[in-house]
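Colleague: Listed below, chain by chain, are the residues.
There are 2 protein chains.
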Amino acid sequence: MLHVAEAARVSVATVSALINGTATVSPELSQRIEQAIRDIGYKRNAIARSLKMGTTRTIGLTVPHITNPFFTDVVSVIQQAFDRAGYAVMLCCTDEDLNTQDDQIKLLLDRMVDGLIVARVGDGAILKRIVDDANVPVVLLDRICKGVDTDAVVLDNQRAVFDAITYLINLGHRRIGYITGTSDISPMHDRMAGYREALHAAGLPIAEELIRFGNFHEIDGYNATMQMLSSHDRPSAIFSANNPMVIGTMKAIRDIGLSCPEDISVACFDDFPWSDVFQPQLTTVAQPVQAIGEQAANLLLDRLAGNRDAPPRKLLLKGRLMIRNSCRPLGAIAQSVSA
Amino acid sequence: MLHVAEAARVSVATVSALINGTATVSPELSQRIEQAIRDIGYKRNAIARSLKMGTTRTIGLTVPHITNPFFTDVVSVIQQAFDRAGYAVMLCCTDEDLNTQDDQIKLLLDRMVDGLIVARVGDGAILKRIVDDANVPVVLLDRICKGVDTDAVVLDNQRAVFDAITYLINLGHRRIGYITGTSDISPMHDRMAGYREALHAAGLPIAEELIRFGNFHEIDGYNATMQMLSSHDRPSAIFSANNPMVIGTMKAIRDIGLSCPEDISVACFDDFPWSDVFQPQLTTVAQPVQAIGEQAANLLLDRLAGNRDAPPRKLLLKGRLMIRNSCRPLGAIAQSVSA
DNA sequence: AACGCTAATCTAAACGTTTCGATCATGTCA
DNA sequence: TGACATGATCGAAACGTTTAGATTAGCGTT
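If you read the sequences in order, they're chains A and B. Just so we're aligned, residue 0 is where the first sequence starts under numbering that gives the first Met the number 0, counting upward by one. Just so we're aligned, residue 0 is where the second sequence starts under numbering that gives the first Met the number 0, counting upward by one.
There may be inaccurate statements among the hints.
Identical copies carry no separate label here, and so any pair may be met within one copy or between two of them.
[Claimed, not checked] Heads up, simulated BS3-like pairs for lysine-lysine below, C-alpha to C-alpha not over 27 Å straight-line: (1) K313 to K127; (2) K42 to K105; (3) K105 to K51; (4) K127 to K42; (5) K42 to K317; (6) K145 to K105; (7) K105 to K250; (8) K105 to K317; (9) K145 to K250; (10) K51 to K317; (11) K51 to K145.
In short, the hints are calculated from the structure, not lab data.
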């Protein structure tokens, strides 16, 4: 900018005024400056600008796994929204690890991101402290967090799973296996509540041996399914509260020599692009990923636009049960249906 | 830092020296400073540091679509690698659009990223200019670019498709449909060359009506497949050079009332997590995503570590044909196999 | 002709670091 | 005891912007 100013024989203030349109500059000087900018190939240094202005037009986004199709889609939508608004997005994947997450959030705050969208992991205390210290707007994505009272957009997980399990019950299933991630994050907790609520509402007992915990990965779903299917009194249906784990479930079913839906029905949380292409077509709970991503982006953009002290807004979206052919009717119902 | 210095009754220079370990500071002052840092809750401002140092410890990564499973995986690997090295990653999705890409690269360079990993789109000229101007190391990912002579890691696409098509030919297929993206990017060009080479090597004619161009999206695959299958002399196998498009292919096959592999064999480029779970299990060309991501990251990290004027390094990795059950033997071969 | 008003431009401080060279105390050696 | 090397600390400039406030020029009023 100094060089431009010299070449155009004006002060840097005038150059800045022209570039930012913060003051009127005469046509004559404007032209000289623009010429100089072109000659020199000047590009404004956004770092210096950020230092002076205290804003980076960059946000941080952390998710557990970008390979989880739900997060893949949401990240994609969020990235687009911020791109449109002229913001850059720094992406971090926490791998469901608390320390990693803390480090990454520190990394992002160090770099003075203007805002943060977080699909958090683990206990909220540290997140809360980090977020309170840095005075940066945060929106929680997918997972709320006790004690962290910020904007959030989440699914009505309990209701969504309630509907799915009720659907299975109505098909005649009585012993329904349930595979979940560790319940220290809200969606897993709420989904489990939906499972219990549905069984309870139908007057069915809750068999604790049918509830298995995993760590969100395919292998965990595989192991959990193997255990359930090897038992003397195996379930007739399995619901997986997490999408990557259902791959393990399907592989376990195959490896143990059973088939879906003939021998066992399967449904899971989170839809994915291939769900209605191959056999069996998995019945899933689809989240409105487009809406979730856009809402999260909008909440943050609104804060960034200056609306700082509005009370925290919590958005609760509805899931949708995508009924396909991976769950079959059982018993009396099966009779009447096939009749 | 000023506040810390005041609280500890030292100069900012000493605080800086202690924090960065750039000079020895006495135990006494060290303690005072550390105490002050704790009391105040001081955090170094990375923006100011970047301005002074001329480095941001941030890199830019642009891909066409993060929802393409190949890029999802590669992005994930790259993000992890840079996270380990203490770098932040700014992610952009170009949506296969040239202008978007140019804007995004400018956005990234504005923010003074230290390096760039680009799965480019469109013509190389603009990319080249942009990259030459900013003096920033670039590694090309997945797609090389005539005239842009930088580090690159790509697949041996021609060989990979040659192998896949040859496999189909060996199964007895003679009319093999080929669905591709626009061939102005190197992988599409090279894959097509592999297709032609395989047919040629087998002494088969190349039927231009069996080659269809799309824009990388599911709908394009759908339309292309519909056209091919409605023709009087439809192919017995279809190869899709792009993963999202094969979803469209499968849906078109279903909608037209045919089934795979009984009526038509299908194979495609890029493996995906569900490929061996559902029926039909798609035969695919798997890219070594882990290696690709790591190599790209390593090439860039090496440049960032100071190895600036080594000659450009081009890494050519091998694909692997994952044979599953979506392609069936035809004619005489089918006889002998089923016999 | 002196005055004030407006519009255009400039000067200089500030943002929060890093770092070069200067300063100062301390101990060592001739 | 004086000269000097050594080690610790500091002052101040620099990175490239933005911006408040000062300055200047031009013009119409009285």
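Colleague: Evaluate each hint against the coordinates.
Modeller: Verification of the hints:
no. : hint         : result
1   : K313 to K127 : within (17 Å within a copy, 46 Å between copies)
2   : K42 to K105  : between (29 Å within a copy, 10 Å between copies)
3   : K105 to K51  : both (21 Å within a copy, 21 Å between copies)
4   : K127 to K42  : between (38 Å within a copy, 17 Å between copies)
5   : K42 to K317  : neither (46 Å within a copy, 40 Å between copies)
6   : K145 to K105 : within (20 Å within a copy, 40 Å between copies)
7   : K105 to K250 : neither (39 Å within a copy, 45 Å between copies)
8   : K105 to K317 : neither (33 Å within a copy, 38 Å between copies)
9   : K145 to K250 : neither (36 Å within a copy, 44 Å between copies)
10  : K51 to K317  : neither (43 Å within a copy, 49 Å between copies)
11  : K51 to K145  : neither (36 Å within a copy, 40 Å between copies)
Consistency note: the structure conflicts with the earlier hints numbered 5, 7, 8, 9, 10 and 11.
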